[in-house]
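K.L.:
Protein chains in written order, with our numbering: chain W, 1 to 252; chain V, 1001 to 1266.
I should point out that these hints are in silico values taken from the structure, not numbers from a laboratory.
Worth double-checking, as some hints may not be accurate.
To be verified - Which chain W residues stay away from chain V? Per the calculated CB distances, all over 12 Å, these: (1) Gln113; (2) Glu185; (3) Lys189; (4) Leu195.
Stated by the list, open to error - For each label pair, taking beta carbons as the anchor points, the in silico distance ranges come out as: (5) W:Asn52 <-> V:Ser1264: 55 to 61 Å; (6) V:Asn1060 <-> W:Gly121: 36 to 42 Å; (7) V:Gln1217 <-> W:Glu139: 23 to 29 Å; (8) W:His22 <-> V:Val1085: 32 to 38 Å; (9) W:Ser73 <-> V:Ile1059: 51 to 57 Å; (10) V:Ala1143 <-> W:Arg197: 33 to 39 Å; (11) V:Gly1008 <-> W:Asp99: 51 to 57 Å; (12) V:Leu1022 <-> W:His22: 53 to 59 Å; (13) W:Asp202 <-> V:Val1085: 49 to 55 Å; (14) W:Arg125 <-> V:Leu1220: 15 to 21 Å.
Every residue, glycine too, gets a C-beta built ideally from N, C-alpha and C.
In case you want the letters, here they are:
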Amino acid sequence: MSVTSMADTVVDHKTNIIEIEHVSFSYGTTEVLHDVSLSVHRGDYLAIVGGNGSGKTTLIKIILGLLQPSSGSIKLFGEDVAAFKDRWKIGYVSQKATDFDLSFPATVEEVVQMGRFGRHGLLGRINEEDRSATRRALEHVDMWQYRDRLIGDLSGGQQQRAFIARALAGEPEVVFLDEPTVGVEQQVKDEFYALLRKMNQDLRLTVVLITHDIERMGHEAMHVACLDHTLFFHRSVDDYFKSTHTLIHPHS
Amino acid sequence: MFDLFTYGFVVRGMEAGVIVALIAPLIGIFLVLRRYSLIADTLAHASLAGVALGFLLNINPIISALGVTVASSLGIERLRNTKHVYGESALALFLSGSLALATILLSLGKGFNSNLFNYLFGSIVTVTQADVYMILALAVIVAVAIACFYKELVYISFDEESARVSGIPVNRINMLLIVLSAFTIALAIPIIGVLLIAALIVIPVVTALQLRGSFTQTLLWAEIISVTSVLTGIVVSFYFDLSTGGTIVALMLAICLAIFSLKSRA
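Based on the sequences and whatever the hints tell you, model everything.
P.N.:
Now the structure itself:
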């Protein structure tokens, strides 16, 4: 894998946070993923791009242990995903995150605090450290002033920031985001990408983003993995754009 | 006014009523938010088969109702997880099946009598001191279990997938919630009756949700509405010689409607 110069400053190439080897997955007789192998280093910012039905969300669900692959292996922090116990190391903003029940009775602070629950065992109680981590996460996404508002009363962009804060509240090492920019305005998108850059560069978080936004990824992510049931490109962003250029303008 | 407290059965009814009123919203808030409201009604019908079994075998109907309701709750969850039938069809199967079983057991045990009405619609007259202790014991189990798994239940109710990613054993917590619902229904039978239990579990929560507060505030409002309706319902039913369960539920609905209309005017 070649790497851009920006990536060199923050990526720890010796540590693989995610290792996927020869993963295939089928829904009934339909093969959704075929022989996918991929690794993500600590500090990386990987964009997984692909069209509708290309298997992006399925791949993320397999990495997170929500679905079992038909074959292949997945390791998180060097451990098999089924045996992986330190779930707090993972932050997750699902595709459905902003598609929740708007009348659910929870304040922004109550929702963000849920991100701390993975740090406790089943009988663990919320303590002062949880409250201050919740506050830090809300401040990081610039949402502390909205802490007492009901989550359903916020705008789409604010809800998205609250869900990112929930993912950050557990102080994870890697954050997965599944198409969080679908259906949001350009300005909200810009703020969102700025926030991801800040998380990746300032907090040294590994970021794995699923997106349709292929063009934008040239300015944002360090690596791009193109998925269409199988992985057909997994390189640095510069290489990706050089090759797309060749594909689109073969005579130039 | 306070001469009613000189009657032992009223005091016992009040004690049992307050316990039931405190426990019902604790379960209700999670059932309503998870769109599981109908489970309460289904388990209530299953509990009638339990009551009928108690009549037939001459054991305390709360105990037999507890057994049958817990067994049904496990059966429903299992049937839903197999995905052989749609979720609500599983409920319909158990609801009608247990009602059929109840009528057969009642006819076998010659149980179609006035005592049955007390269990169908609730009555404070029939609550014995032993019932109060049993209701208290069941209530303590439910309250402790909810307190222990409160944060997990809240997280799963809001976002099941993220709860799973964070390592919460979602299936086991779901099962626990349904078994605790069975406990709550069994303990509420003597006061509110089989046919009206679901109302006690659902209406205070639905009403509290209209007030648009935080999760904690919503739970608190549901508790206040529940306890107020149960205590007022017992007093009103005593003085006007009305069905206790019916009066309590009518009061709850009145509060619910009042809040609805205040909200629509605001």
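K.L.:
Next, verify each hint and record whether it holds.
P.N.:
Consistency of the hints with the structure:
Taking the minimum C-beta to C-beta distance to chain V, about 8 Å, the non-interface status of Gln113 (chain W) is violated against the 12 Å cut. Look at Glu185 (chain W): its CB is around 24 Å from the nearest CB on chain V, clear of 12 Å, so calling it non-interface holds up. At the 12 Å boundary, the C-beta of Lys189 (chain W) stays outside the reach of chain V, the nearest C-beta of that chain being 22 Å off. No beta-carbon of chain V is positioned within 12 Å of the beta-carbon of Leu195 (chain W); the least distance is around 19 Å.
In this structure, Asn52 (chain W) and Ser1264 (chain V) break the distance hint of 55 to 61 Å, their C-beta atoms being roughly 41 Å apart. As the Cβ distance of Asn1060 (chain V) to Gly121 (chain W) is approximately 37 Å, the hint placing it in 36 to 42 Å holds. Evaluation of the 23 to 29 Å hint for Gln1217 (chain V) and Glu139 (chain W) yields a pass: the beta carbon distance comes to about 24 Å. Hint check: His22 (chain W) to Val1085 (chain V), Cβ distance near 37 Å, so the stated range 32 to 38 Å holds.
Separated by about 55 Å at the C-beta atoms, Ser73 (chain W) and Ile1059 (chain V) satisfy the suggested range of 51 to 57 Å. The hinted window of 33 to 39 Å between Ala1143 (chain V) and Arg197 (chain W) is violated, with their beta carbons roughly 47 Å apart. Evaluation of the 51 to 57 Å hint for Gly1008 (chain V) and Asp99 (chain W) yields a pass: the beta carbon distance comes to about 55 Å. Here the CB-CB span from Leu1022 (chain V) to His22 (chain W) is close to 55 Å, well matched to the stated 53 to 59 Å.
Our hint of 49 to 55 Å for Asp202 (chain W) and Val1085 (chain V) holds, since their Cβ atoms are close to 51 Å apart. Between Arg125 (chain W) and Leu1220 (chain V) the beta carbon distance is about 19 Å. The supplied range of 15 to 21 Å therefore holds.
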